[in-house]
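Residue numbers (my numbering), protein chains in the order written: chain Y, 1 to 155; chain W, 156 to 748; chain S, 749 to 1096.
Think of the hints as simulated: they come from the structure by calculation, not from any bench. Built from N, CA and C at the ideal position, the CB exists for glycine as well. Treat the hints loosely; a few may be bogus.
[Claimed, not checked] From the derived model, a few chain W residues whose C-beta atoms are all more than 12 Å from chain S:
1) Gly379
2) Lys680
3) Asp748
[To be verified] According to the in silico footprint, chain Y covers these stretches of chain S (three or more CB under 8 Å from chain Y):
4) 914-922
5) 926-935
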Amino acid sequence: METQMEEVLEGIYQKTVAHGDNIITVLQEIQNAFGYVQEESVNWFSARTSIPASKFYGVITFYSQFHLTPRGKNIITVCSGTVCHVKGASRIISRIREDLKLGEDKATTKDMLFTLESVNCVGACSIAPVVVINEKVYGKMNPEKIAKTVKTYKE
Amino acid sequence: MNGEIIVNVCMGTGGIAAGAEMVMKAFEEEFASAGVENATVQSRCKLHKVGCRGFCAKDVLVDISVGGEVSTYQFIQPEMVKRLVKEHVIGQKPIKEWMAGEDYHVFHDNQTKIILHDLGKINPESIDDYLSVDGYTAARKALTTMTPEEVIVTVKNSGLRGRGGGGFPTGLKWSLCAANEADQRYVICNADEGDPGAFMDRSVVEGNPHAVVEGMIITAYAIGATLGYVYIRAEYPLAVHRLRIALDQAREKGFLGKNLFGGTFDFDIKIKLGAGAFVCGEETALIASIEGERGMPRAKPPFPANKGLWGKPTIINNVETLANVPPIISKGAEWFASYGSEKSKGTKVIALTGKIRNTGLIEIPMGMPLNDIIFKIGGGIEGDKLFKAVQTGGPSGGCIPQQYIDLPVDYEGLKSVGSMMGSGGMVVLDETDCMVNIAKFFLTFTQEESCGKCVPCRIGTKRLLEILTRITEGNGRKGDIELLQELAEDVRDSSLCGLGMSAPNPVISTIKYFRHEYEAHINQKKCPAKVCNKLLTFFIRPDQCVGCGMCAKACSVKAISGELKQPHAIDNSLCIKCGSCYDVCKFNAVIKD
Amino acid sequence: MINLTIDDKKIEAPDGATVLEAARLARIDIPTLCHDPRMKPFGACRLCIVEIGGLPRPVTSCTTPATEGMVVVTTNSKLERLRKTTVELLLSDHPNDCMVCIQAGQCSLQELAYRYGLRENRFKGAVRQHNRVDNNPFIMREQDKCVLCGLCVRVCDEVEGVAAIGFANRGFESDICPPFKKDLDCEFCGQCVAVCPTGALSGKMWAGQPRLEQTRSTETTCTYCGCGCNLTLHTHADKVVRVTSRPDNHNRGWLCVKGRFGYEFIASPERLTTPLIRRQKGGPLEPAGWDETLDLVASRLTAIRDQHGADAVAGLASARCTNEENYLFQKMFRAGIGTNNVDHCARY
Ligand SMILES: Cc1cc2nc3c(=O)[nH]c(=O)nc-3n(C[C@H](O)[C@H](O)[C@H](O)COP(=O)(O)O)c2cc1C
Ligand code: SF4
Ligand code: SF4
Ligand code: SF4
Ligand code: SF4
Ligand code: SF4
Ligand code: FES
Ligand code: FES
Ligand code: FES
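Sequences are here, hints too, so could you generate the full structure?
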């Protein structure tokens, strides 16, 4: 493993485990630092903390927040909560898929520019349907509007 | 010119999504430049960010108050700020045509606000604002003039019940917890709010985080906890941010930490971020998650009040429950119990959404009839469609049809018609919503969120969803309704935790009240609400079609043909009923039937 | 002691007992799939549900503590309907391969299917798909047969202290696997295999060998180390085809990789099966009968003792013998030969 990566991991260790934080917090920090959770970092932490790697893997695959593969530069999260659903979230998703040329089981574009995800309610239902790009919330969306909005991230 | 000038910009998630940050900046700039010309105005001008006032559909909302006279503006955009400052702030002439209309006031006037009272009025990032509305006086009162037992008795007498779903009496839960011998106890605020269609807790934490902190301090004092956690969804970055600020401010003032309010009581609060699992709202799963494990529930007993976090007695309360505690301590149990119905006291914050004119966050006294909520506060159905049902309680709740429109909304009332209060989400459905599809939507959700520990929920919800799916796709079989009912009952009765126990509710209640829709799907292979694409036929109305060709482009199986600028047509033998053409046509020329 | 009533029977159960334990003490049958008294209760399979007076819905007896005066019903049409649905759901996501499954006859799921007469299944639907990664030498994992009872995970964590496997994913796609779905790389103690109620985990060397029912069992003690774990050797046509261990013995049924899987030496052609005697100095070792050999040993030992005294003889035994064997060995030296010169690697 590169020493640079090890330094980052040691930093995370000092910030979390050393203060009694649990492995969910550790994994959140790893993902903040690298964008996803790599196997090497789990093995490093498992060795550093004597917590079996199976516990890390169990947690990573349980919580939908964690990702085992790299994600795109921009994360488009379409809300599929109840309200957004009845207000047409599925049409927004199909429009984005079409515009980004994403196949049925693909979430990330080939150029690694976008990852499309869905979430069950971001708690902004009164401006449904809602799309979140990176951390910015876009309300009252429709297929046309979202297509235009996504375009602005292409530059 | 006289009196203070206050400008409040709505900066909840809804406001920010509508551009509140830019509006805020525009005001700052405008004031700065106006200040050069008119120093008096600037020095008397206060610009505030305030939390959500519940009507995000009208954001960005701005209040301008001159000498106590408040005018509320709706749909404000940055470019409108110049004129607002010039005409209203400096010129003192309100701009009538931009002001919020009658509906804004009807929406608010029919509510009773305890929890939401200060939301939208105070700056959630300022402890001084909270102190100016008597913040932390309840905690001071409890810690300096009451015994823990007195606090518990007051909460018991108030009749406060848990707002997180179960409706368990809060004071009773506290006394059960306090009765345990233990060297350590914990209090946890449940801000996981995973119900897809609810945002009460988000808005409260975003709009008035100190109220929750104060509620936790009083709870901790009552049960003797020295450490508290707020378990909050990571999908709520703004709420987390404001909560962090609130905790720091409270620590600085000596409201958290050692020797609170100069006494001997120590208490501090930590934040734990959820990682995306609905089931972690369930108490035992939440505890597992704080302990760093997979959020798999465990059987109760033992209850968390006896054996919770790290095996110690633990109180878990919902955000709204906790926010109710300070006013109860300040104003007394009787005052609180004077609101609400016989068995459900106080108010309930409700996220009113769906096919309704005024969507938003509202607070009503318990027991208010459904009718008043939907047609008075909510202003009736959007687009003059017909009301069909209202879904309450999210994925654990049920659908309530027209015939119960006078139902009082409280724990008992909702339960009596097979739904539940849940966390307080209320989604209004109109004639264009298909009830089988709604049931399928919720089962898709619960099936994805099942932790997988117990058999009835893990496999049962999957099978329920499969049966619902085949019904919506035209492959329903005779006997499917009965099969759904039987399986739904068995999953409900034998699952381990609340998720599996309540996941079948949407199925049970839609079959109970909308059986004919199921029958139409299965027997006639028709979707009466025209939602289930696989049961519809798509065609193009030549008189509406301008021949733009969008639909032909969208069709993945090339079922649409036609010359440019000539009406197009769909070949139904090729059509796979994906609905793409319907979605893309801007001229409403694609019809489904 | 706690007094409670189960199915109209008055029962006394020790303090701290669960309802399931109390029922089992009174020989009342409650089906279970995820329970093993050697591990913490889990409450996942929902088969052990019972009705308890005063509670609104059925609860799992394996997790519920018995309390004074409790009134419990373990079976009625409602409970049996719920149990049957649960088993039916399990079978709807199961290969139902009993004909060629190693576990047939021993399988808890098969037994339940039989008990509830589940020939048809109302819930046919999608089944989990698994990629098999099994290059390890000992353990075969057929996860499509897994009922997610969690016993293997718990034994590996709670008993073995290794946690080589764990739960992964959630909901219908839940899975039991080593981290990152790799091949198993662990102690290979086989504890997980021993507790698995289905054919999801099995010993690789057992494949195609006679099923347990076809074997004769012999109780014995493991020869590998001084722990002396109790073993049951399962033989077929005079060949050991499997080793198990009973939960009610001193090692509680737990074994290590050697005891559980290291039995092939027994049938090795290289193994000595008769004593060997070197009849001439420099000559070859020749097979001999037991009588001849024991006579020879006795006469030589007597001769040495008579000529040089008893302390000229010393005996060295092995910790790999049983206690009984080692007892007899020292007895022979102390009482028979008359010397205290006796020892073994774990000391007398
Ligand atoms: C699947 C499931 C999800 C839940 N989600 C939440 C939630 O998001 N917020 C909440 O306050 N309670 C939730 N609950 C209810 C909690 O388990 C618990 O009853 C509640 O937090 C107790 O607080 P209260 O007494 O103040 O209502 C959930 C329960 C279940 C079964
Ligand atoms: S009911 Fe569902 S969520 Fe709850 S324990 Fe069982 S599988 Fe998990
Ligand atoms: S999109 Fe509509 S108007 Fe355009 S060609 Fe298709 S049907 Fe005609
Ligand atoms: S695991 Fe049991 S039920 Fe499944 S195939 Fe094997 S014997 Fe049959
Ligand atoms: S063989 Fe032993 S160490 Fe390996 S997974 Fe099974 S129980 Fe764990
Ligand atoms: S592999 Fe066997 S022991 Fe492990 S969970 Fe599956 S069925 Fe249970
Ligand atoms: S359902 Fe989409 S924001 Fe709530
Ligand atoms: S954020 Fe402005 S009203 Fe909700
Ligand atoms: S044996 Fe009790 S739930 Fe499985």
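**Request:** Tell me, in ascending order, the numbers of any earlier hints that this structure violates.
**Result:** Result: no hint breaks.
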